[in-house]
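Visitor: Listed here are the chains, written in short residue letters.
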Amino acid sequence: MSKMQVEVVSSEQLIYSGEAEFLVAPAQEGEIGVYPRHIPLLTQIRPGILRLTVPGSKDEVLVAVSGGVMEVQPELVTVLADTAIRGEDLDEARANEAKRNAEDALKKATDDQSTARAHAALATAIAELKALDYLRKRHH
Amino acid sequence: MAVGKEILTKIRSVQNTQKITRAMQMVSTSKMRKTQERMRTARPYAEKVRTVMGHLAMANMTDVVHPMLVQRPVKRAGVILITSDKGLCGGLNVNTLKRFFAQVKSLTDEGIEVDVCCLGQKGLAACQRAGLNIAASATQLGDVPKMERLIGPLRVLFEKYAEGELDVIHVVYSKFINTMKQEPVDEQLVPVKPKQMVVESGPSWDYLYEPNPFSVLDVLVRRYLESVVYQALAENMASEQAARMVAMKAATDNAGNAIKQLRLVYNKSRQAAITTELSEIVAGAAAV
Numbered sequence: 001m002s003k004m005q006v007e008v009v010s011s012e013q014l015i016y017s018g019e020a021e022f023l024v025a026p027a028q029e030g031e032i033g034v035y036p037r038h039i040p041l042l043t044q045i046r047p048g049i050l051r052l053t054v055p056g057s058k059d060e061v062l063v064a065v066s067g068g069v070m071e072v073q074p075e076l077v078t079v080l081a082d083t084a085i086r087g088e089d090l091d092e093a094r095a096n097e098a099k100r101n102a103e104d105a106l107k108k109a110t111d112d113q114s115t116a117r118a119h120a121a122l123a124t125a126i127a128e129l130k131a132l133d134y135l136r137k138r139h140h
Numbered sequence: 001m002a003v004g005k006e007i008l009t010k011i012r013s014v015q016n017t018q019k020i021t022r023a024m025q026m027v028s029t030s031k032m033r034k035t036q037e038r039m040r041t042a043r044p045y046a047e048k049v050r051t052v053m054g055h056l057a058m059a060n061m062t063d064v065v066h067p068m069l070v071q072r073p074v075k076r077a078g079v080i081l082i083t084s085d086k087g088l089c090g091g092l093n094v095n096t097l098k099r100f101f102a103q104v105k106s107l108t109d110e111g112i113e114v115d116v117c118c119l120g121q122k123g124l125a126a127c128q129r130a131g132l133n134i135a136a137s138a139t140q141l142g143d144v145p146k147m148e149r150l151i152g153p154l155r156v157l158f159e160k161y162a163e164g165e166l167d168v169i170h171v172v173y174s175k176f177i178n179t180m181k182q183e184p185v186d187e188q189l190v191p192v193k194p195k196q197m198v199v200e201s202g203p204s205w206d207y208l209y210e211p212n213p214f215s216v217l218d219v220l221v222r223r224y225l226e227s228v229v230y231q232a233l234a235e236n237m238a239s240e241q242a243a244r245m246v247a248m249k250a251a252t253d254n255a256g257n258a259i260k261q262l263r264l265v266y267n268k269s270r271q272a273a274i275t276t277e278l279s280e281i282v283a284g285a286a287a288v
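Chains as they are written, first to last, in the working numbering: chain A, 1 to 140; chain B, 1 to 288.
Hints were generated in silico from the structure; no laboratory data involved.
Treat the hints with care, as some may be off.
[Said to hold, decoys possible] In the PhoX-like style, the derived pairs of lysine-lysine whose C-alpha atoms are separated by at most 25 angstroms in a straight line are:
1. A:137 / B:86
2. B:146 / A:130
3. A:130 / B:105
4. A:130 / B:268
5. B:160 / A:130
6. A:130 / B:249
7. A:99 / B:10
8. B:19 / A:130
9. B:146 / A:99
10. B:86 / A:99
11. B:160 / A:99
12. A:99 / B:5
13. A:137 / B:10
14. A:137 / B:75
15. A:137 / B:105
16. B:98 / A:130
17. B:193 / B:75
18. A:130 / B:193
[What the hints assert, rightly or not] Pair ranges (Cβ atoms, derived):
19. B:91 / A:21: 52 to 62 angstroms
20. A:5 / B:40: 34 to 44 angstroms
21. B:283 / A:136: 31 to 41 angstroms
[Claimed, not checked] Output of the computed footprint for chain B on chain A, the stretches with three or more beta carbons under 8 angstroms from beta carbons of chain B:
22. 23 to 30
23. 55 to 65
24. 70 to 83
This structure is a prediction, so every number in the text was calculated from the model and none was measured.
Even glycine gets a Cβ: it sits at the ideal position worked out from N, Cα and C.
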């Protein structure tokens, strides 16, 4: 039976890479099965489980993905998996939080002052050491 | 012996500083390995997305053009500034900020307004001081780059781009070259330059798209951009740890030298005091 290469990658790591004879993926419009020499296909996939039939093994290999994009080429299937759970509303909420962060940062500036002061003190100490070292080198 | 005591206090204070710098050095050494590893694990995704986008570019899709792939006259620019949250990492953030402010200046000189998206506390503070227009920010990103934290800030910029408010988006961060060398770089993120995609030559063909070409392409382009910024953040974190390790090593060495010097001065003054005391006693005994 012919085989195809399957690669599942997320932005944070390579999740799965290997050969398969058949795979089932949770595509946007329903589950689809892919055999080798499939017509080129590009589809979004929903959060779910990829089921791979691996040559020489009876058990299916299961790979959980939280959505993403799947590219099918005749000999190669690439799944670009998301690492975070995505959704229009969820992303919108995250965007709003980022905006709020930018606005709040101004007010919060005072909270960071004590940390900043400690950091500055340590930085000064290090600078003093550097100066001492420099002076020492000039003397000798 | 007042002088001796003062020197002893100074030695102790330098020793305490040295303890801190040595601890920080060791912490960043171990963190650096992990951050470098993360930088590497993020690579396959970016390559894969690029390849898929290259396939897309090759496929026959004359009817679908994504706005993020199209150049347009620039009136307003977005800049994503990636810095570290914490200081004490040598010239890392200073160099990145220098590069960033040079970029901002060259844009404003051309009459282009700038919106900034700050990832990292140091950059945020600098932008506030400079009075720049901050569109979004995320700080306290920790030592592990998380896609989760990037989605929000990036979406703010992408929405602006989609609405035509921004015409170009840059990203400025510190590229990890090796442990001793990190380099601030400025990359154009959007519109995507065609050469950033891996294009293979061959007969042309087209995909089947599900649910439809545009929405798949849209998702793909966004994922691609997010992965580029994620990679940049991972690089920046590796740079941060490397720079901190080097800076703290130098500080620890300097402290060691300073302690040696102070010890010498202390011993000299102690000996001088003893000699004086002895000669006084001898002189006193002789007088009796």
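Visitor: Next step is simple, just say for each hint if it's right about the structure.
Guide: Structure-based check of all given hints:
1. A:137 / B:86: With a Cα-Cα distance of about 31 angstroms, the restraint between residue 137 of chain A and residue 86 of chain B is violated, given a limit of 25 angstroms.
2. B:146 / A:130: Outside the cut-off at roughly 36 angstroms; violated.
3. A:130 / B:105: Not satisfied, since the Cα-Cα distance of roughly 33 angstroms exceeds 25 angstroms.
4. A:130 / B:268: With a Cα-Cα distance of about 23 angstroms, the restraint between residue 130 of chain A and residue 268 of chain B holds, given a limit of 25 angstroms.
5. B:160 / A:130: violated (46 angstroms)
6. A:130 / B:249: Distance of about 12 angstroms is within 25 angstroms: holds.
7. A:99 / B:10: violated (47 angstroms)
8. B:19 / A:130: Satisfied, since the Cα-Cα distance of roughly 16 angstroms is no more than 25 angstroms.
9. B:146 / A:99: holds (18 angstroms)
10. B:86 / A:99: Holds: residue 86 of chain B and residue 99 of chain A sit about 22 angstroms apart, inside 25 angstroms.
11. B:160 / A:99: holds (12 angstroms)
12. A:99 / B:5: The hint is violated at about 55 angstroms.
13. A:137 / B:10: holds (19 angstroms)
14. A:137 / B:75: violated (53 angstroms)
15. A:137 / B:105: violated (40 angstroms)
16. B:98 / A:130: holds (23 angstroms)
17. B:193 / B:75: holds (19 angstroms)
18. A:130 / B:193: This hinted pair is violated, its Cα atoms lying about 45 angstroms apart.
19. B:91 / A:21: 52 to 62 angstroms: holds (55 angstroms)
20. A:5 / B:40: 34 to 44 angstroms: violated (21 angstroms)
21. B:283 / A:136: 31 to 41 angstroms: holds (36 angstroms)
22. 23 to 30: holds (count 3)
23. 55 to 65: violated (count 0)
24. 70 to 83: Since three or more residues must qualify, the claim that chain B covers the region 70 to 83 of chain A holds, with 6 doing so at under 8 angstroms.
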